[in-house]
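Given the coordinates of chain R, assemble chains G and U onto it according to the supplied hints.
Residue numbers (my numbering), protein chains in the order written: chain R, 1 to 87; chain G, 88 to 524; chain U, 525 to 905.
One should not assume that every hint holds.
[Stated by the list, open to error] Stretch by stretch, here's where chain G covers chain R in the computed footprint (C-beta under 8 Å, at least three residues): (1) 8-22; (2) 31-41; (3) 47-53; (4) 64-77.
Note that these hints are calculated values from the structure, not bench results.
We put the CB at the ideal spot given by N, CA and C, even for glycine.
One-letter residues, chain by chain:
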Amino acid sequence: MGKSFSLEGQSILFETSDTVATAALRAGIQSFGHSQSGGQLGVFCGIGQCQACLIVNHQGQVVEACLTPCVEGAAFSHLMGSGGIHV
Amino acid sequence: MSEAAQVLVVGAGLAGMSAASALADSGISVRLIEQAPVIGGAVLRQALQGTDPRLHGPHQDYGSRLITRMQQQRNIQVSRSCQFGGVDSDGRVLLVHSSQGSHEMLQPRALIVAVGATERIRPRPGWHLPGVMTAGSIQVGMKTSLTAPPGRIVLAGTGPLLLAVGAQMTRMGAPPLAIVEAANPLGRWHQALRLPFVYGLEAADYWLTLKRAKVPIWMQSEVTDIAQQEAGLRIHVNTPKGIRIWDIDSLGLHDGIFPNDYGFSRSDHLIWRNAGDCHEALGARAAAAHGELVANEIGALLKPGSATVRPAALKRLERERSAQALLKLVYQHDEKPMLDQLPLHTVICRCENRTLGDLKALGEQPTVREIRLLGRFAMGACQGRFCGHWVQCLSGNEKKLSKSVLMAAHWPSRPLSIQGLVTTADHLGSNSLESVT
Amino acid sequence: MQEFDLVVAGAGVMGASIAWHAVQQGLRVAVVDAIGPAAAASGASDGAVSVASKKPGVLSNMADTSLAYCYELAQPGGPLEHVFFPRPSYFFASDQQESHALDELVKKLREMNGIAQVVSDESKPTDFLLGLGQSVQRLVEIGGEGHMLGYSATHAYLQHARAECFWRTQVTSFDESDGSILVHMGSTSVKAKNLMLALGLGTGQMLPWLPVIPRAGQLIVTDAGQGFVQSLPGAMTAASYLLSKSRDSVGDFPTPVVIDPLKTGQFLIGSSREPHNDATRTDLTILKALLARAVDCYPALKHRRVIRVFTGVRAAIEDGLPVVGKVPGHSRVWVATGFEGDGICLSALVGREMAAAIAQGTPKDDMKDLSPCRFELKRKY
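Here chain R stands alone, though its shape is the one from the complex:
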């Protein structure tokens, strides 16, 4: 069985060299939901500059998916999603 993490409860397989962004794209996941301003979230620039691929990690921190290494068993959520810390 391959290594996996979850995003909004959906299990995603990853390879050692993957970031959350590359693993999600390979799994066909393009949308990471919306931001508070109504903007669409998802991978765009791939190098941590556009701030469109924002997700929430298991520590409740907002991070760029394209800069986030994959961790076995980690649970990420959308910015306006079900997990994270709503403050």
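Relative to chain R, chains G and U alone:
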């Protein structure tokens, strides 16, 4: 390393690695940071399992030699998954370690920023939809994960990068559905012939790869609309043969490579130089040469008398400068009509979801305050990195509203977690030593 | 040559308010600015309209009158409609010194008995307001105060004024001669019956004898966080802020911090008081201190990111009071500057009073403490 590094190099691409290596050669201690989990930058990015020759093209040999040389140099400390957070007025640099979520503060004597060029993306209706990304992002993804992205992909915009990415995708077994190029490079063959032989070779290589896989390359064509479908995107493409409508899964956009002019805050207490494409977008061959030259300059400032003349590097830069100028001519086209025809509902500021209509509502020649505080452009997480140039073009303000004011130097250079900031340790280079691998 | 009853130099919140009020007085008004509306401190500020934050005495009394007047101006059709909003404000203490400052604050407001009123004084703040940190030992809630973004107020006053605006134009000098002033602004000049200098720090160039000094303040902008934000109902200000206003050194009390929730879900965290005028200066040690105190008081901020830090340079006057009134040695030149961050709150009142004074030709009695004449000796020598 028990002492703080004298020079911080941001970006372990060709320019950064070249600069780090040259500095180390002259006995200067270097801290080299790379935001990705792997070094190599846009051109060489090393997948963790090892390199894949299908992806690296003509720069592979030079790159491997550079990396091997760095491995043997004792006074370079490399930190991966480490981002540059900005410099404050007193020369304090903030670094972010994204694996741990922790921050680190340093005060090097000099800073070399070698973060590569900016990929410019022109707004198009629907470019904010999921599934639309930059061609560069597709390239980075392929080089990191060693697999091609799934589904029906179209690459659109302008520039040789479209051909490079398309060819790389093809070699990975997943050719793009089509390439849509706004310019007419074939029509400028007489200029193209004056390019250095290696350029022609590289282009021919990409071209043949694509042709063999029967990838259509549409010239003088552009994507004029992107709409969300239940599964995928529907794009409208304006071609010389009329409008084409395609159903696809992803769209990779790219409208040219430009130097990184994003407003980093500066300090009088720090010697600062930009190196490589970040300074002047001349491509891979020039990047390494420029890295060497910048290292030489900084080395001379830190250790007077240690400078050497580098005629080979200077010649290389001159050659690449001419080549890039020619390439610009080959790819020249007018993008103004495309901007003039943008519908008002086109999103311009992606972060805050602000449209062209919102910009026009600010009236004639809005001031920076009006654009930001009333219009809420460039106020989001990316602070104008992606919309700044277009707001300038589209607000009718080109002459009076300089981009440097709209995207003025500020701190931080990227969003920083407050948790990280309050727990920032004041390290003096005592972070865990990582060897170059 | 164009002629005006009043030329207002400086399109910050003060100049904009004076312009609107002057138009209400029936005057023909022009507003001139080297850049545009709210280009300096007014556009790099928070939006507190507060009596509590003012030094006791003249400024607090003016603030209360101005605050009450803001409600009037925010009525439907008024210039501050959609701009000024009532909002509770909170002042808190983490130690004895700060608690003492809160005692003084409560006393001041009770004695004033104006529109800003102490609503509650909590010794168990965490039971009272959601999300407060344990270090918040006492919380005073004040009702009646409000929120008004500096830029929005400036823009609103100007929109409603419909005065003649000259942007990207600088007033370089003026010549006064029987009954009229020739105002030189770059390549043009205009005639004015009166000239109002509301130039913030720039006033020092026109009137070099006025001791206008800079006070830079760094402000931190956060992102909007995650989910649907349940933010604070109003800004939280550390009581040490009140102490820092009366003393210039910041060494011996907890970092003064203001945590201001914005409508977008973002927070504005500020601010420092640095004796320089460099709007590009960022100081990581100061920022760290501000954020550390902010997180202590409102731990949820740990999950936010800083997306920008900006510096607003406020104009202050050496003796701590703004200068408002007729400029000595001139019969028709007026000044209104040196509000050091209190400009947004006082703009309503000062606008009204200055416009009235200009229309009638005489300065008002109740603002004589702020008259520039107190520096007349400096002017002569």
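Quick rundown of the hints versus the structure:
1. With 7 residues bearing a CB less than 8 Å from a CB of chain G, the segment 8-22 of chain R meets the requirement of three and the coverage assertion stands.
2. Coverage of the segment 31-41 of chain R by chain G holds in this model, with 8 residues showing a Cβ closer than 8 Å to a Cβ of that chain against a need of three.
3. Figure legend: the segment 47-53 of chain R, annotated as covered by chain G; annotation consistent (6 residues with Cβ-Cβ distances under 8 Å, at least 3 required).
4. With 4 residues having a beta carbon nearer than 8 Å to a beta carbon of chain G, the segment 64-77 of chain R meets the requirement of three or more and the stated coverage holds.
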